[in-house]
Amino acid sequence: MPIARLQKFKLGGFARLLFCWKASVYKLLWREVLIFLLIYTVISLVYRVVLPNYPNVRENFELVAIYSYDYTAVFPISFVLGFYVTVVFDRWWMQFKAIPWPDRVVNNISAHLNGADERGRLLRRALARYVNLSAILIYRLCSKRVKKRFPTFQHLVEAGVMTSKEKDIIKKLPTDNPKYWVPCTWFVNLVREIRKEGRIESDPAMKTIIDELNNFLNKCDELYGFDWIIVPLVYTQVVTIATYSYFLACTVGRQYLDPSKNYTGHSFDLFFPGFTVLEFVFYVGWLKVAENLMNPFGEDDDDFDMNWIVDRNLEVSFLAVDEMYDTKIPVEPDPHID
Amino acid sequence: MPIARLQKFKLGGFARLLFCWKASVYKLLWREVLIFLLIYTVISLVYRVVLPNYPNVRENFELVAIYSYDYTAVFPISFVLGFYVTVVFDRWWMQFKAIPWPDRVVNNISAHLNGADERGRLLRRALARYVNLSAILIYRLCSKRVKKRFPTFQHLVEAGVMTSKEKDIIKKLPTDNPKYWVPCTWFVNLVREIRKEGRIESDPAMKTIIDELNNFLNKCDELYGFDWIIVPLVYTQVVTIATYSYFLACTVGRQYLDPSKNYTGHSFDLFFPGFTVLEFVFYVGWLKVAENLMNPFGEDDDDFDMNWIVDRNLEVSFLAVDEMYDTKIPVEPDPHID
Amino acid sequence: MPIARLQKFKLGGFARLLFCWKASVYKLLWREVLIFLLIYTVISLVYRVVLPNYPNVRENFELVAIYSYDYTAVFPISFVLGFYVTVVFDRWWMQFKAIPWPDRVVNNISAHLNGADERGRLLRRALARYVNLSAILIYRLCSKRVKKRFPTFQHLVEAGVMTSKEKDIIKKLPTDNPKYWVPCTWFVNLVREIRKEGRIESDPAMKTIIDELNNFLNKCDELYGFDWIIVPLVYTQVVTIATYSYFLACTVGRQYLDPSKNYTGHSFDLFFPGFTVLEFVFYVGWLKVAENLMNPFGEDDDDFDMNWIVDRNLEVSFLAVDEMYDTKIPVEPDPHID
Amino acid sequence: MPIARLQKFKLGGFARLLFCWKASVYKLLWREVLIFLLIYTVISLVYRVVLPNYPNVRENFELVAIYSYDYTAVFPISFVLGFYVTVVFDRWWMQFKAIPWPDRVVNNISAHLNGADERGRLLRRALARYVNLSAILIYRLCSKRVKKRFPTFQHLVEAGVMTSKEKDIIKKLPTDNPKYWVPCTWFVNLVREIRKEGRIESDPAMKTIIDELNNFLNKCDELYGFDWIIVPLVYTQVVTIATYSYFLACTVGRQYLDPSKNYTGHSFDLFFPGFTVLEFVFYVGWLKVAENLMNPFGEDDDDFDMNWIVDRNLEVSFLAVDEMYDTKIPVEPDPHID
Amino acid sequence: MPIARLQKFKLGGFARLLFCWKASVYKLLWREVLIFLLIYTVISLVYRVVLPNYPNVRENFELVAIYSYDYTAVFPISFVLGFYVTVVFDRWWMQFKAIPWPDRVVNNISAHLNGADERGRLLRRALARYVNLSAILIYRLCSKRVKKRFPTFQHLVEAGVMTSKEKDIIKKLPTDNPKYWVPCTWFVNLVREIRKEGRIESDPAMKTIIDELNNFLNKCDELYGFDWIIVPLVYTQVVTIATYSYFLACTVGRQYLDPSKNYTGHSFDLFFPGFTVLEFVFYVGWLKVAENLMNPFGEDDDDFDMNWIVDRNLEVSFLAVDEMYDTKIPVEPDPHID
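Protein chains in written order, with the working numbering: chain Z, 1 to 338; chain Y, 1 to 338; chain V, 1 to 338; chain A, 1 to 338; chain X, 1 to 338.
If you are wondering where the hints come from, they were derived from the structure by calculation, not from laboratory data.
Every residue, glycine too, gets a C-beta built ideally from N, C-alpha and C.
Please note that a few of the clues may not be correct.
Stated by the list, open to error - Among the chain V residues that face chain Y by a calculated CB cut under 10 Å, a handful are:
(1) G82
(2) K97
(3) D117
(4) E158
(5) K171
(6) T236
(7) V238
(8) H336
(9) I337
Said to hold, decoys possible - To spell it out: a stretch of chain V is covered by chain Y in this simulated footprint if at least three of its residues, at any positions, have a beta carbon under 8 Å from a beta carbon of chain Y; those stretches are:
(10) 163–170
(11) 176–190
(12) 325–332
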């Protein structure tokens, strides 16, 4: 049960979150920070050890360093990151809200499909299974985890969400497009039959079941849309170029130059670029936020746990339409009465 | 009754709000400000009292101070805070809007479930109780206050929102997932029975009751989603690192250096870092806004008063479906007639 | 009729709006500007008249002034104001959209509640009155103007929107919570009776009337939510502290220092801080925008005219369900035919 | 047919849009630019021709110029414009989406109001006319163009959207509030009659027609809300003051001062303030965006063409409910079959 | 099948996207970069080769270069781009969501239109074809690709989405406005007939089919609105002027001036304006994002593949209402049972 609740503290508050490791900025960034420090150190060593023998080259290097420093001073990556991450964040939450939950459909099945006998039970289970199957088929397209769990239709059959006959029918369907909508069509056909049988007793009930199925399918379509139409590559590239070129410039521009040369802002030498590393963690960490939010259906710590959703939905669906269908709870006076 | 209305004044306006204490920035921040000042003072004392004996160390300290000052000058924490707080603010209001209110469901029960006799009354009360129970079960997951009030199912039984038999049934249910949806399933089953009894007279009425129940359940699901999927840790960490590293740099960089040394911008010594403290209150206060909004189901002054919501909803539900059910108000001509 | 339409001009455009007084930034700010100038002038006079006699104090004052100036130069109040006002602006419009209009409910009453006889007329008027009464009860909670107009239930009776019997019933209701939902419950009960009488002829009609009533009640709930859950105090305080501390720093930091002392940026003396006053109008004006939008149910020039809404809705409701109910407009061929 | 499609080019892209005149920034701004240049030139001439004779005044002028320049350097009008224009942009699109289209209503009339005989035809036309009339009445309030086209009810009668009898009825209606909702009430009354006649055969049909009429009326209400509640004047004034005071400061602060005086940043004289004019076009152009979007129901090139909407909707409505009502299209096998 | 899924990498992440070419910033920008470099180089050569012979002109050029440099230093194009791109991005996604999908309509046809005989099949196919035809007619207005594929109605007939008789009827229709709504009217007329035939058995079914058709038509209207009302030209021009004038100023202002002259910030000569090119890629790339998002119905790599949508929708529609209509899937116990 994937509950990750945020604790609130009187003192420090968010500061305590700095000591988390799972899904943390450190776990995501330590490799990049090491690479950055390595490049910085190599350049630093060359400047301090090799270049003093070539005063001309050294002077040119210093000019390039100053030029790079100026660049990093004016480059507005905080804006572009701010706007970009906001856009990606909105999209991330829209994707979460697009995940279809079968609760409404199964409640309607349970309310309107009468019959506690075996056939009624089978019909309700079949309908509930169809909507879950549709959801799993679309999850397989979006989510690596679900794809790994159900790489082929056969795995779905083994997991009990599809029968062999259904597998054959869906496989033979002459279309190259994604087939996640097919079980919804079966659902519609079966509901029509059930209506004729009379187990769904009224037209408004029929209408409401089909409406909820359509709402469910809409969510699947929406999820498919998010998978298909991504944030335009050029936007992501522009932001990435901005961030990485900034730190490329930093590897040169944030070098401590020989204080004896009296360049402005270079009156001392601290060897370790402490605040530049903090800036790196900050800016590249901000970009990592976007990376993480961009595809929340992956396998990272912070990604949506789609396999849990699959299991929860199957369990709740079958409980609601079958096991709990006939539970008679005696209607008793509650203590508040009178 | 948790009304906190904003007064409007001709003169000063918001300025008057600066003198509030409850839920104020002062109440939230005074500990952090004291810690900041303590660190600042210790460093200041070391610089003024100890370091003069070690001129070399002192000079190095001064260089680090200037380096730190430059860092604080370019670091764009106002942007990242602005974007982050906006995102968290939107989420905060979405969470408020996700809180389920039973008003629609109880109005429908009252409109469509006929019968002023004892059984009719019991049925209406049971249905009203189920939706409130679902809401309380989801509140227990999100809200510390409600969890404290109802730590176990037994407390719910004692509070009269659940009967003992219901407790047994829900406890035995073979699932490890949150069970807030279970009373909604009971609701559906009971409605189906009532329809058969004929107390719900028409199919459209049945449909509309189930639809509203589903809308109610959707809100619960949404609340659960907000509890489950939080703002990615890495975003919060990036913002926190930015803010706290800024003020870490300030403890050194905003020291008043010996004016006799003629460092740029260090031509005088005021001892107390007045404006730096204001900046601290401003930036860390802004971060506190995010902390406060992030989990509005806690026990802070500004958090949603979920226990009041529980009480209000129970009271209004029972009033609407029971006490007021049979109130006959004579239909009289109103004064505006003709 | 509160129409305030924006004129468009070929030349100047918004510039012409600068000459409005009603609801203008001048009307809202002139007091604050005077206070700011007063403080500034007093400090200026002290510096120019008193301090020359105390050269030491004067020099310290000048250092403080420079320190303050530096603070105002780096302080990012434009960001925090920009983000804050945007958040408050969105909320302001959401509040307007949350105001319930009875048009949908009365159209449904008029369409589905048959009978041109006296009883039909009374029933329709009663239902229309109930929804308006609910709206007025919630307005009384939010809006000062409506509260002034109807300080007690008795005033509502005198205004003809409530009968004495209704007043007694609502007063006796054993709840301490706001009672704006009570007339909606009466509405539901009355509709149930009318359905039994047969004046509402069909189940879909019944369902649609209840649905619209619920939508209406939802708006009332939403309005109540806006009244109850305000923007967290700490956010408002942070923004206010930022703005006012900025101008506190300005009263000192924007003083013209003795040009003979050759402080950087202090090479001349203009006496009047012209552009600082413009900055004041701009930043504090921006904060005033937030103040104004925060509680739009007050009595300012720009606030929503809730009393007009009350009158308009009562008038339109009664016209639609009563006076115009039986208007027979002959169906004639229109000129476009053929 | 007001189609303005954006062309996409491989090279240059938006750059080509710079050569448009209609609705362009040049067309909107050339007057303002000329005025700005005029003021600038007058001041420049005074400085260059007159002031050399008064060295004291000249020196003071130079100090004021430097002071003004510093002001323009720190003033953050790009932020306030960015936030303001975003808010106005959102509102602009919401207004477009609030424009009511009768398509849904007329499709429902066409689907559910039976009878190909003359009376059926007249009834359908009357209903379709009523919704269009409501829309035109609300357009008359918002839009200058529609107001000019239909200055009085008589013009509506002449245009065939209202009969003389209807004009008399609506004129006599005892209310001072806008009457755009009146034809919707007629619609409701007429639908009730038609239901009794039996031409609308079912209750769900009746319900759906009234629902769509209500949705249509809601849009009208929304449009009325946008017309009534404008962006608070104080926000617009603050933005306008910021922009215009910036350029007022520019007319003095961006003067080329005598290079021989060696003021910082004044080492040369280019006579024409080229980049200042570009800044003017940019900032005032950005403000013009807001002006243009603020009231999109005017008569500018970019405004919504409400008269086209009036004509299109009338035409489509009558075509759908009348001319095309009885078109029998033979149902034939399509080529894709089998 | 246009799936473009984003890969996630442990190391580097977005950095890997920098090596994509399709839809990349390089592919979009290389022409502009070359032009910029060409202009820069020509000016550079003139300055280095020709101007030394004219010391006066050279000095003036240097002054202009410094003036231009100052301009580029203060010009806030990052803000205006950030705000503008955010606005355009939102609009881009709204356009995607406005694309009508026929899934809901065809599911309703399949559920409620009974009859497995030939006529039932023809009727279902005709209705499914009408909604697809409406969609294609609106796509032809928005999308270049679809317009190219179906330049005339005759092409639609040949593609089998329209019969010749339908073509004649739609051509003769006396209106100059877009006719995409016409097949929706046919749909309504045909549904009315089918209801009379009794193949649509219930009034709620009839209502729900018409409602879904109206929802479908609404999406078409929305798409038409996006095509008709574009982002005001003046906003786009302002942003473009800002960006291009910035780089015009750069071609002069970022020239390396003779270091022997000792201009501030011009103490060295690197010949190639490396970071200026990065800035160019960044800012103009950001503007390209807006260009790309502005009209997503074009033929660029990142544009929506409308032809795939046309094919997918036709295929799914016919499969759902015809081929799969009579598929009987045996209802069997699933493995999870008991």
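Structure-based check of all given hints:
no.: 1; hint: G82; result: holds (7 Å)
no.: 2; hint: K97; result: violated (13 Å)
no.: 3; hint: D117; result: violated (13 Å)
no.: 4; hint: E158; result: holds (9 Å)
no.: 5; hint: K171; result: violated (13 Å)
no.: 6; hint: T236; result: holds (6 Å)
no.: 7; hint: V238; result: holds (4 Å)
no.: 8; hint: H336; result: violated (38 Å)
no.: 9; hint: I337; result: violated (37 Å)
no.: 10; hint: 163–170; result: holds (count 4)
no.: 11; hint: 176–190; result: holds (count 11)
no.: 12; hint: 325–332; result: violated (count 0)
Taken one by one, the earlier hints fail for this structure at numbers 2, 3, 5, 8, 9 and 12, listed in ascending order.
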